[in-house]
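On the provided structure of chain V, position chain P as indicated by the hints.
Residue numbers (the numbering used here), protein chains in the order written: chain V, 1 to 102; chain P, 103 to 282.
A hint or two may mislead.
Covered stretches of chain P (chain V as the covering partner; in silico rule of three or more C-beta atoms under 8 Å from a C-beta of chain V) [to be verified]:
| id | segment |
| --- | --- |
| 1 | 133-146 |
| 2 | 170-177 |
| 3 | 208-217 |
| 4 | 245-259 |
No lab work stands behind these hints, which were simulated from the structure alone. Just so it is clear, CB atoms sit at the ideal spot from N, CA and C, and this is done for glycine as well.
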Amino acid sequence: MIPLHWFLLVAAGMFCLGLFGVLIRRNVVAILMSIELMLNAVNLNLVAFWRYLAPEHINGQMFAVFVFAVAAAEVSVGLALIISIYRNRDDVNAGDLNLLKW
Amino acid sequence: MSLTPLHAIFALMSLFTVGGAVGVVLNRNLIYAAMYLVLSLFGIAGLFILLEAPFLAAVQILVYVGAISVLITITVMVTRCVFCKEPPPRQLTLVAVMAALVMVTLGFVIMTRFGGLTPAADVPADSIEQLGVAFVNPQAYLVPFEVASILLLGALIGAIFIARDDLPRDEEAVGGDDHA
Numbered sequence: 001m002i003p004l005h006w007f008l009l010v011a012a013g014m015f016c017l018g019l020f021g022v023l024i025r026r027n028v029v030a031i032l033m034s035i036e037l038m039l040n041a042v043n044l045n046l047v048a049f050w051r052y053l054a055p056e057h058i059n060g061q062m063f064a065v066f067v068f069a070v071a072a073a074e075v076s077v078g079l080a081l082i083i084s085i086y087r088n089r090d091d092v093n094a095g096d097l098n099l100l101k102w
Numbered sequence: 103m104s105l106t107p108l109h110a111i112f113a114l115m116s117l118f119t120v121g122g123a124v125g126v127v128l129n130r131n132l133i134y135a136a137m138y139l140v141l142s143l144f145g146i147a148g149l150f151i152l153l154e155a156p157f158l159a160a161v162q163i164l165v166y167v168g169a170i171s172v173l174i175t176i177t178v179m180v181t182r183c184v185f186c187k188e189p190p191p192r193q194l195t196l197v198a199v200m201a202a203l204v205m206v207t208l209g210f211v212i213m214t215r216f217g218g219l220t221p222a223a224d225v226p227a228d229s230i231e232q233l234g235v236a237f238v239n240p241q242a243y244l245v246p247f248e249v250a251s252i253l254l255l256g257a258l259i260g261a262i263f264i265a266r267d268d269l270p271r272d273e274e275a276v277g278g279d280d281h282a
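So that you can see chain V by itself, here it is in the shape it has in the complex (with noise of 0.2 Å):
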């Protein structure tokens, strides 16, 4: 069996992707992407700790279900206001976005 730190790793590099894509991208889908790709590292991360460490508690694989309801909700709202956005102003780049800037 595959050690736990493997998987681990790699839900880290995936996170840390995530992460340099949210702060580097311009265009805000680009920046949603990156956000799945943040959250589907923790649901990795969950599931890799319940498979590891309790395997008998259903636990771990709920909250990764619920990660699930709670992304599929975000992704659905979030691309409805770019959607909204992008028909407002023609636009959807997020250092443009600077209406409700002080």
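The following block gives chain P in isolation, referenced to the frame of chain V:
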């Protein structure tokens, strides 16, 4: 440690996952980035199977690879500004150093706390059954399950309401000067 087919599958799925993630964050063309995202999410589903969570792998394929990636692809197609490229990133080195530092910290913690850990026990044969029972058990997760369904309903209605194009045309012309 002997190499088994399990290790080969793990290596392949990790390659999909991390390689897809690299493609997502570095590709300037958003359609390609969305395709790399699909690859990465598919790799995660493979890792779920390796972790003996087949239900989650199926949900991952259905929800992420199926639904969310389609949503993202459609949004890219609807909102892409074809002639204006995404402006080049600022402070690339600073952000790269920050992400690398986070990675080093996480890696250090992982290796010191969880290095070489192998499973404590086998997965029970009826783990999917347990999951289903826990969802409808009032002592377990019935209330969070119902709250999640309300959340999804709220997100559904909210997304339709936000993305709906029902502005009267003359009002839009008065309100949006920069639009015209």
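Comparing the hints with the structure gives:
Residues of the segment 133-146 of chain P lying with their CB closer than 8 Å to a CB of chain V number 6, which satisfies the three-residue condition for coverage. Closer than 8 Å: that is the beta-carbon criterion, and the segment 170-177 of chain P has 4 residues meeting it against chain V, so the requirement of 3 holds. Here's how the segment 208-217 of chain P fares: 6 of its residues keep a CB closer than 8 Å to some CB of chain V, so the rule of at least three is met and the hint holds. For a cut-off of 8 Å, the count of residues in the segment 245-259 of chain P with a CB near a CB of chain V stands at 7, and the three-residue condition holds.
The structure fails none of the hints (numbered hints given earlier).
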